[in-house]
Amino acid sequence: MLLIQCPYCAVERPELEFRYGGEAHIARPESPSELTDEQWADFLYMRSNPKGVMAERWRHVHGCGRFFNALRDTVSDRFLAVYKAGEPRPDIEAPEPTAPNKETGR
Amino acid sequence: MSEAPLYSAAGDTEAVLAAPGLRVSRTRPLARFAFRGDPAAAGKAGAAFGASLPMTPLAANRVSARAALWLGPDEWLLLAADETAAAIAVGMATALADAPHALVDVSERNVALLVEGEGAERLLNTQVFLDLDPAAFPVGMATRTLFAKAEIILWRLGDEAFAVECWRSFAPYIEGLLVEGARGL
Amino acid sequence: MTQIRRTRSGGRIDRSQPVRFTFDGRELTGFAGDTLASALLANDEHLVGRSFKYHRPRGILTAGSEEPNALVGVTRSPGSGTPNLRATQVELHEGLSARSQNRFPSLGFDIGAVNDLMSPLFVAGFYYKTFMWPKSFWNRVYEPFIRAAAGLGTAPTAPDRDRYANRYVHCDVLIAGAGPAGIAAALSAAEAGARVILADEQAEMGGALLHETGATVEGQPADRWLEAALAELAANPRVTLLPRTTAFGYFNHNYIALGERVTDHLAVPDPDLPRERLWQVRARQVVIAAGSIERPLVFPENDRPGVMLAEAGRIYANRYGVLPGRSIAVATACDTAYRAALDIHAAGGSIAVIADLRERPDEALVAEARAAGIRVETSCVVTGVLGRKRVRGVLLGRLRAGSVTAAGTVNADCLLMSGGWTPNVSLHSQSRGKLVWDEERGAYLPGDAVQAERSAGSCAGVDGLAAVLADGARAGAEAAREATGKAHAPREILAEGGEAGIGWVLGALPHDRDAARVRAFVDYQNDVTAKDVKLAVREGMHSIEHIKRYTTTGMATDQGRLSNMNALSIASTALDRPVPEVGLTTFRQPYTPVSFGTLATTSRGDLFDPVRKTPIHDWAAGQGAAFEDVGLWKRAWYFPRGGEDMHRAVERECRTVRESVGLFDASTLGKIEVVGPDAAEFLNRIYTNPWLKLGPGRLRYGLMLNEAGFIMDDGVVGRLAEDRFHVTTTTGGAPRVLAHMEDYLQTEWPDLKVWLTSTTEQWAVIAVQGPKAREAIAPIIDDIDLATEALPHMSMREGHVMGGIPCRLFRMSFTGEAGYELNVPPSRAREVWEAVWANVEKLGGCAYGTETMHVLRAEKGYIIVGQETDGTVTPDDVGMSWAIGKKKRDFVGMRSLARPDLVAEGRKQLVGLLTRDGTTLLEEGAQITREAVPALKTPALGHVTSSYVSPAAGRPIALAMIADGRARMGETLHVPMPEGAITVEVVPPVFVDPEGARLNV
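Chains as they are written, first to last, in our numbering: chain A, 1 to 106; chain B, 1 to 185; chain C, 1 to 1001.
FYI, nobody ran anything at the bench for these hints, they're computed from the structure. Possibly wrong hints are sitting among the right ones.
Listed below are the simulated DSS-like cross-link pairs for lysine-lysine, each with C-alpha atoms no more than 27 Å apart in a straight line [as the list claims (entries may be wrong)]:
(1) B:Lys-149 <-> C:Lys-613
(2) A:Lys-51 <-> C:Lys-434
(3) B:Lys-44 <-> C:Lys-434
My request is simple: use the sequences and hints to build the entire structure.
Dropping the structure here:
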């Protein structure tokens, strides 16, 4: 069971308090009706699914209730950063090399 | 045992559990509100309510028979034992007339259990996965979290006293697990 | 014949407390402090089980949790009990009743042993080879045969009456294993002020300290020092000691699962105690002090009862006061077996020979053994044993330049063996730490940690008591420092004795026997031999993962701790590749088997899930209502009277509602209060319907889509004020809808000044439906004008009932009849309900349940989200284009409704169906076709979504989703069923009052 830092509560809590919300930074278009079918399908369905650093949405549903974003390395399942909704994606492009004793229990 | 002017046990016959060093009791009804709004509105709300709404995450502010619990950056739970919800709502609506916010009566939605005694921490930890050591969960801390499969608000009232707020239909489940957990604790 | 193998003195058993127990019904006696294994050995019982595949007689191989052979079933009462317990871990208590397994009719004479003679049939991969065809044989012949013939214990037949507890706990330092390294780590970490949990799978903490009788620690005998150390730890309130507790799973972020066996060792357990307790630990730092386990030698007949690991023999002698045999031979490639031989000799045992594989073992050890009068042979290999149900003799061979010549037979009833030591790296591996091959030791050792853990002591490849204690102390201090940020020097602990174990061998030993006739076992529990591993390689399995699955080696309950290294070495030789290139299979959780009860803990029976009940529930139960589960809620399903079945009750309830009035508990409906100056704008974006012009006091049916354009929920929404709405959702959809709304509000439109609060349980809902609904509620209304002009259909008022109980009164219908829904506080709902009920009864009305509600709405063609819809249905598909605000610029899902596939012809549309015969009730989910007997692979036109007997229509009716359904009105279609096709006619989906006249009475 992962521990996830909530940027609003400023504490780490077990995964069970959170809900996954899919890829982050996919803003709903301002005027959907002006989009072509292809553009709209792209917004609806196309996701990057990277091997490596992934920006994704989480909601602290059984805590403060807020949606926030996180950078997670999909290879190691390690969280690299969490940040509030609306904040820019932190500039962490590559995961840090796995170092001993990096992951503490809290 | 804690002397809470806010929560009061609903009487001996209502005790869910009474064992050496451990007591779980239902509490008398309170006026309860979900308050949602930005910090400016929350500031005014605190002045009108009589207990300021904490801006620090996971903090609770109790002033005699009233309390405001931080639940999220735009969400607080307000509790009052000394006046009806209707009367409080009228007063706050007036004070907050020009500050957009949502004040919703949830007096009937929630019920609370008091979990008290030397074994309270251990008993809660049969179903609550948070670290309840006073260093990690000090007196005055309040948070939404899970009790087994039920969502609760857990508020530490004293060294050996916690309030568990939950939606009313979840209370029998939580009580049942507390009784079960207390056996052979 | 009682306890003939018991030593005269010594051991940690309490000789003043005899304990009676039964094994296969025979009464035996041991002492308090015995395990079942040590007590059986004390009675010279070596034959304790039959093997999994060949039903070979098996004995006790180890003294620990890695035991592969001595699996027993322990029963406390008929029908209950636990199979597959390791006798080495079962603590003796008065009246313990244990049985051997996998034998019929008895352990001594087992018919299944014929498998052993048929062993050529059961070679590696036999499942794949033998049971290939014909396909039909699998279910009827092969599987029943395999199930009956193979297998371990028998599952209990009665429900588990025991209780299982759960505990979440946090600590600075979790130490897995309380041997010398773990104890030293705990002392150091506790001294540094850390919150420490020390867990050990054995009944007594101390590990090797419990049998290192010759060693001294801090100048005291090892067991004395241990006693003091444990007392010191027990006195520290920040230390939790958990004996009988196995760290069985190491998961992400230092989340470790421990299984504590609380009562199995007690003759008469306190009924308040759980049988087992699951500890879910979140540790800042972990010290793995899991020790190492001795490796069996792979030689022919190495599985005979009486063959045992050398250190196990030493443990039985030193700790339990039991000699493992009358005349004991020792075969070894490792120094530690000499200590076993010497200790057993000192305890009064007779050592027939020490056969050492090595040409030049440690001279001092050899001299010490010979000085004790023990015969020592070097360059000497054991090539087999005599005896079937018990070792009768040991065959020796002389090793010379790689070949073996027979070197005689030794008369012995027990053979102790040692192939060296395998560090116990399971937990490190589970934590995703890599393993590193150590060529010099012939062992895998823990590599770099991925999580906050370190291994200490012999599981990290540290040998010798003094070094292990020092390593444990270092690890404990380091873990405490990392966890708390406070540095504290490791405890210095001086020790003598408990020397390092030098020497090892891996893989199958050479012998002079007929290779076609003998078998040397690698994985005892799964009956995998050295030949099986070689055969797997010959048949093309070159990856260790394939070899594992083909042979099942390493898949036993010890997760391969005992067998992996030998299997790997044999595979390495067969493949002619070095061991690290062959690879190593993953060590999986659980470390040892865990009961289902421990994993389920309290999630069973009434406490499995929250059972949500409405304030009306007890009233309905008192009226004899049947209930159905809707999500977590219990809802009244129907109210049978005087022996009615569901069909009759529902028919009566339906008629009553349409003729007079019915009372329905709708409290479970989801409710959300939407408040703020932008509330209407928000709802306008979330729902398909227009909201800006809905006046306060009005209701509107709202339809909610997901962004892909498909219906996700619906419900009636009331406007309480300019800035306040009362939203209702489906019972099951409430959390999903609130999350959906919060998502858009927080992440797409954070500028909107509107907030959401769940009020599902703030309001109980009493629905009163039928032509006499107004009469039924009028007497209790305080201050609301019920006249249709004042309160028309789809409007609402806030007011009071029964002299001051607050009420949000909705005039609305989900039945097609005029109706009201009274939203009242749950604490007052029962009294309001009973007051209305009194009026309903006077008017000849009834209470009705969800089944009648379903029939009434189906008669009107009202959809149920999740029944008519399935996540691929648009508003137009169910004929609800009217619910879409035509002038709206945007709402969630709007753009998708214009996607080509959502406007294409041929989409399934909601229609009604009537069976041609007017009597047959269709089955929900049944497929609908054009032909009565369609050609194979003809796609269905659609399916039945709802089907009921309609009292109003006087016949069965159905709703269905059919391709181009609205263009098929009047068409005849077919519903093929096993008994033959049912002919149906397509009709409009409204069967009662299509004009809606009844709503406005």
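Pair hint outcome, Lys-51 of chain A versus Lys-434 of chain C [Cα-Cα no greater than 27 Å]: holds (21 Å)
Distance restraint between Lys-149 of chain B and Lys-613 of chain C, which requires alpha-carbon spacing of 27 Å or less: The hint holds at about 16 Å.
27 Å Cα cutoff - pair Lys-44 of chain B, Lys-434 of chain C: Roughly 57 Å between the alpha carbons, so the hint for Lys-44 of chain B and Lys-434 of chain C is violated.
Hint 3 alone, counting from the list given before, is not met by this structure.
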